[in-house]
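These are the residues of each chain, in order.
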Amino acid sequence: MKLIGVDVGGTFTDLVYTDTDEHRTQIHKVATTPEDPSIGVITGIEELCRAHAIEPGEIDHVYHSTTIATNAVLEYRGARTGVITSQGYRDILHIGRHQRPQHYSIMQEIPWQDRPLARRRFRRTVPERLIPPLGEVLVPLDEDAVRHVARQFRDEGVESIAICFLFSYLNPAHENRARDIVQEEYPEAFVTTSATVSPQFREFERFTTAAMNAFIGPKVRYYVDQLDHRLREGGLKADLHIMRSNGGIATPEQVVDTPVLTLLSGPAAGVLGGAWAGALSDRHRLITFDVGGTSADIGVVVDGRLGEASARDTWIAGYPVMVPMIDIHTIGAGGGSIAHIDPGGAFRVGPQSAGSRPGPAAYGRGGTEPTVTDANVVLGRLDAGNFLGGAMSLDADASHAVIGELAGRLGLAKLEAAEGVITILNANMANAIRSRTVQKGIDPREFALVAFGGAGPLHGAEVAAMLAIPEVIVPPHPGITSAVGMLTTELKYDTIKTAFQVSSELDLDRMNADFAGMEAEILRQFETDGVAEGEVDFARFLDLRYVGQGYELRIPVSVGAIARATIEETLAAFHRQHEAEYGHAFPDTPIEIVNLRTIGTSPTPQIEKPVVNQGGSLEAALVKVDRTVFRGDDGLVDHETRFYRRDRLPLDQPVAGPAIILQTDSTTVVPPGWTFVADRHGNLILTSGGR
Amino acid sequence: MATAPASSNEIDPVTASVIHGALESIAIEMGFKLMRMSYSSIIRESEDFGAALIDAEGRQLSEAKQSTPLQSGPIPGYIRGIWRQLEARGETIEPGDVIMHNDAYAGASHGPDVAFVVPAFQEGRIVGYAATTAHHLDIGAHTPGSGGIVDAIDTYAEGLQFQAIKVYEKGRPNHQVWNMLRSNIRLPDLVVGDMEAQIAAARIGAEAYLGVIERYGLATVEAAGNALYDSSERRMRAAIAALPDGDYSATTHIDGFLDDPDPRRRDLAIKVTIKVRGDEMTVDLTGTADQVPDRPINMPLEGTVDCAVWLSLRSVLLDSAVHGEIQQNSGLTRPIHIVAPEGSLANPTFPAPVIARFCPGIELSNAIVQALSQVVPEQVCGGCANGGGMIFTGSGKNGMWVHVDLFSGSYGGRYGRDGMDAVDVLYANTRNNPIEDIESHVPLRIMRYELRENVAAPGKWRGGVGSIKETLFLEDGGASVESEGHKYPPAGLFGGSAGRTSSLLHIKADGSRVDLPSKVPYRGFKAGDRLVATRGCGGGYGKALDRNPADVLDDVLDEYISAEQALADYGVVITDKLMVDGAATAAERQRRAG
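One line per chain: the protein sequences are A and B, in this order. Heads up, the first sequence stops at 691 in my numbering, and the numbers go up one at a time, no gaps. Heads up, the second sequence stops at 594 in my numbering, and the numbers go up one at a time, no gaps.
Hints listed in this document are in silico derivations from the structure and should not be mistaken for laboratory results. Some clues are possibly wrong.
[Unchecked claim] In silico SDA-like cross-links for lysine to any residue, where the CA-CA straight-line distance does not exceed 20 Å:
1. A:Lys219 / A:His329
2. A:Lys414 / A:Val637
3. B:Lys397 / A:Leu506
4. B:Lys65 / A:Ser105
5. B:Lys397 / A:Lys414
6. B:Lys271 / B:Gly211
7. A:Lys440 / B:Pro517
8. A:Lys440 / B:Lys487
9. B:Lys166 / B:Ile185
10. B:Lys397 / A:Leu74
11. B:Lys166 / B:Gly124
12. B:Lys397 / A:Val612
13. B:Lys65 / A:Glu188
14. A:Lys414 / A:Lys219
15. B:Lys65 / A:Glu505
16. B:Lys487 / B:Pro517
17. B:Lys397 / A:Glu640
18. B:Lys65 / A:Ser435
19. B:Lys577 / A:Leu74
20. B:Lys577 / A:Val655
21. B:Lys577 / A:Asp155
22. B:Lys543 / B:Lys487
23. A:Lys624 / A:Asp647
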């Protein structure tokens, strides 16, 4: 099998090619083409094929992560969107939860009021109403009213329509009927229903998710069509699959229907790439640490299982979206983060970033603010002559100047200020990791940190030290780990159904029927993709909470008919999980089963373990010896430090830090007191304590 | 460009920054856990809770940013109240103690906001406290629920009062207290569950705080705390120093009890004079109406008035949309002094009742913003429509139920922006409950929840629009209401129109209608009865004739206003094809100006 993974980032489009028969992997990078990213994708594929004599027509699969949907939301450039909703509830999307995003601000913006996904003039109501507990019809759907609105929308140039009825998660019949009517009247429109994108309670969040799907739908559809077209033009016959936020891939058709499920496509691929790298070296409890120029993405992976975000924690550009997403915690901390003194006199780093333009002062593109990259240059950890394998040179004088100026204002020596920038940034990142581990009952000391992205390996060891994480793994190609991640995934579809059952009076027949229905639904999706029933694996989860609580914990439950005993085990696991995450359990309180979840997966061809050459020698790898600065117990210490080329390192030979390891897409810092080894699987393993 | 302070602090800026991050992260963790664990919707959905770390001297180091402002702000006051009461009784705080406190005359915000405080000990001495507060669903008042208790005649009628009660002593639960508590509140399982969650979260906070102290040493953490307070203080001082010295006054009014024959219970003034002197200010509430000795709309000076003052000031002077996120801590409040005459609404004397002090506090906040409009006109907003809420109760087949429906208000117009529509305002920032949650759990049906139409207050930047919400009782039950703004509309600014008042209507199953005032003590409702809550609209900012005609057209297209209103209020002529008639508009505006 010949596979290509393409990750479109803000600056670069990264490509990985692998041939599972010939055991060969190649990587490539081209500039992203923001106006139409499909151009960069096809350019990258063509260049990669030319460079490595690959026949485009022989490529079997292209896996792709896209930021089209995310950018449309961030830039507020989507379709003219209309909403058809239940009579009496025209402004659910506008009122939201009646809470302001900021506590202490008169001048703030409210995203859903200032940048509505559907303006009020395009929010129309029709008579219909369902009621709990089962979605019984209180007011029948007024079909003529729907028809009338559909025609109005057509005449008004509304391109995309979201149908949002109360309690549709209990009974989608009205939404589905309304969708059919709209499609009859206005077949060109993009139509979406709230129960399709997110069949769970909380109307503001569900309606917003549906409206966002509608808002980005036409744009994503156009992009996917363009991409497919360009691929065919370029002579590719490969199956195209697109990464979604849940860490699985889907066919273009599925993505076009529910683009809202691709919003975290890129970061999800990063977590998968980190998980894959860890597994290469037989590490299965992993914290992924993906640091770029402006942000750090943090994920937790246990035995290949990715954490999934709670439905109430997922936001994009200030809008809530209730869809399955890998739990990725993003903070504004990266190589471009700007160090500054706030008006109260406190020393801070980020979240503002110099980005790649103008970028750090060291880039020589006009940046005048001191950044993390500049601090790394001053400390000698980034080598001006060997940045990105020498592809770009750094202006060390500029870094010294901006850090020196910052130091003057802080009343610190220049090196102290530079080291302070790094320490503050690292502490911010360590706090972010703590919030996803220690604060959820996970002990990071039992984990390895997988550090990647351009800046992850620069900071990984020191961040790990702050959390007493004993080991850091740097993947073979840290800068393109997301693209690699795409080659490690599988087809994956989720369904969810709000149940609202209470443990003291469980209706198991209803639950079993619900699960059976959900699995049938998933099988239908796979069937559309040409995947047979036997090739699909299922996993089930219950979203549980104590009766009265508002937040759920997700607990696995076995596949197949569920008996009372099965449920008892799951409930016991919930009590344990509650204790672990919150430090407290309420064993005598009944438990509410809020949602049933089913995930269906089907394997697709994946990248294999890299074949590593026999390695070189330390002498061959040595580039230079220079001074670097690290904090010791009694202040800053100037160390004589060896700089190595990663691709020439000997295998399995532990080397004591301090050391700097150079490669084309990243730089790894091994602080004093740490040891590194280049292992047989292509990873660098950094170990604390000098063992 | 900012410069670092002279090194009077014995801590380097890097360590200070790292410790600040750790302290903030702990407060957030406490808030997160409390919110996730708690049972009642007022905590978990409305987020009416607080969590903070306090230093050994009672100063707030950090607060959970998820908490509603009015809950974290008063925590230092709770601590001081606890100290005073323990000292008066000759008691001391011991390791393993957990202290419960809600005395509104000793720092608490009001009775339902019960705090649980866990001391952090190192080597036998207190090095700080972790505290959580939360609004509890019932606290044993004379009618069900802990809101809308608008007819309490003194603090005893408001519910149980906990004055620095040790619910755990040296780690052992005080079962007698818990037993007594359970037998004196409705819904004891819910309330005690929430209290347990509070205690668990506070314990986690105290432990994590000790971890920071162990790691960096007490002296360093104390120095970091001082650096933090100093830094916040400098920011507030700089903001005050930028204002011209002078006295700036504004007065707002509350309805009080509009249906009450006693005039001393209605039409009450709240007067604020902000006296700016250099980089300090005094907020003087002289001129505010006398307390109402037997109705609970009085505002404790410590716990409500001080928080309303601090939070409104910082929202204008250190607006986070402009200045970025600034941690709420005790340094921010140092340059601000508050004066309130004893025996007034803003400084009542015990045992004047205070449980319904929320809405008067909003009008106090409004007065502060209006007063500041005289000096920072581009940082303020027109008058905001007040919030409040209703408590619905009943006893169904599964026992008693309580549902808290918090009202939204709306903001006045702002320089360059219209007011925010249908949100909680000023010192409050709670959330509503999803309709799909309410109807799945209590016998109510929300028949309508939308924005009002044709009522937005005109202005160059118009006022925000209030909501209308209609609730149907599916079974017999009751409701209590605590609100404001039925008589006094939010003020307009700089030529903008005044906003719109709120109203409340009881439509009985037989179709008859009863207009209700802004405060309704427990009132019975029958199945089939409806309550329609129509919420106020914020005041306009600037002259309506100066409003951009394109924005007026947008409002017509979005059906906030009619084409007739566009002409009448704004002098904008909208054609039949829903376009602005530029020439006719110019002529119309010219005619009115001339």
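Evaluation of the provided hints:
| no. | hint | in the structure |
| --- | --- | --- |
| 1 | A:Lys219 / A:His329 | 27 Å, violated |
| 2 | A:Lys414 / A:Val637 | 14 Å, holds |
| 3 | B:Lys397 / A:Leu506 | 18 Å, holds |
| 4 | B:Lys65 / A:Ser105 | 14 Å, holds |
| 5 | B:Lys397 / A:Lys414 | 72 Å, violated |
| 6 | B:Lys271 / B:Gly211 | 46 Å, violated |
| 7 | A:Lys440 / B:Pro517 | 47 Å, violated |
| 8 | A:Lys440 / B:Lys487 | 49 Å, violated |
| 9 | B:Lys166 / B:Ile185 | 18 Å, holds |
| 10 | B:Lys397 / A:Leu74 | 48 Å, violated |
| 11 | B:Lys166 / B:Gly124 | 19 Å, holds |
| 12 | B:Lys397 / A:Val612 | 69 Å, violated |
| 13 | B:Lys65 / A:Glu188 | 45 Å, violated |
| 14 | A:Lys414 / A:Lys219 | 49 Å, violated |
| 15 | B:Lys65 / A:Glu505 | 38 Å, violated |
| 16 | B:Lys487 / B:Pro517 | 9 Å, holds |
| 17 | B:Lys397 / A:Glu640 | 77 Å, violated |
| 18 | B:Lys65 / A:Ser435 | 14 Å, holds |
| 19 | B:Lys577 / A:Leu74 | 33 Å, violated |
| 20 | B:Lys577 / A:Val655 | 78 Å, violated |
| 21 | B:Lys577 / A:Asp155 | 14 Å, holds |
| 22 | B:Lys543 / B:Lys487 | 24 Å, violated |
| 23 | A:Lys624 / A:Asp647 | 15 Å, holds |
Checked against the numbered hints given earlier, the structure breaks hints 1, 5, 6, 7, 8, 10, 12, 13, 14, 15, 17, 19, 20 and 22 and satisfies all the rest.
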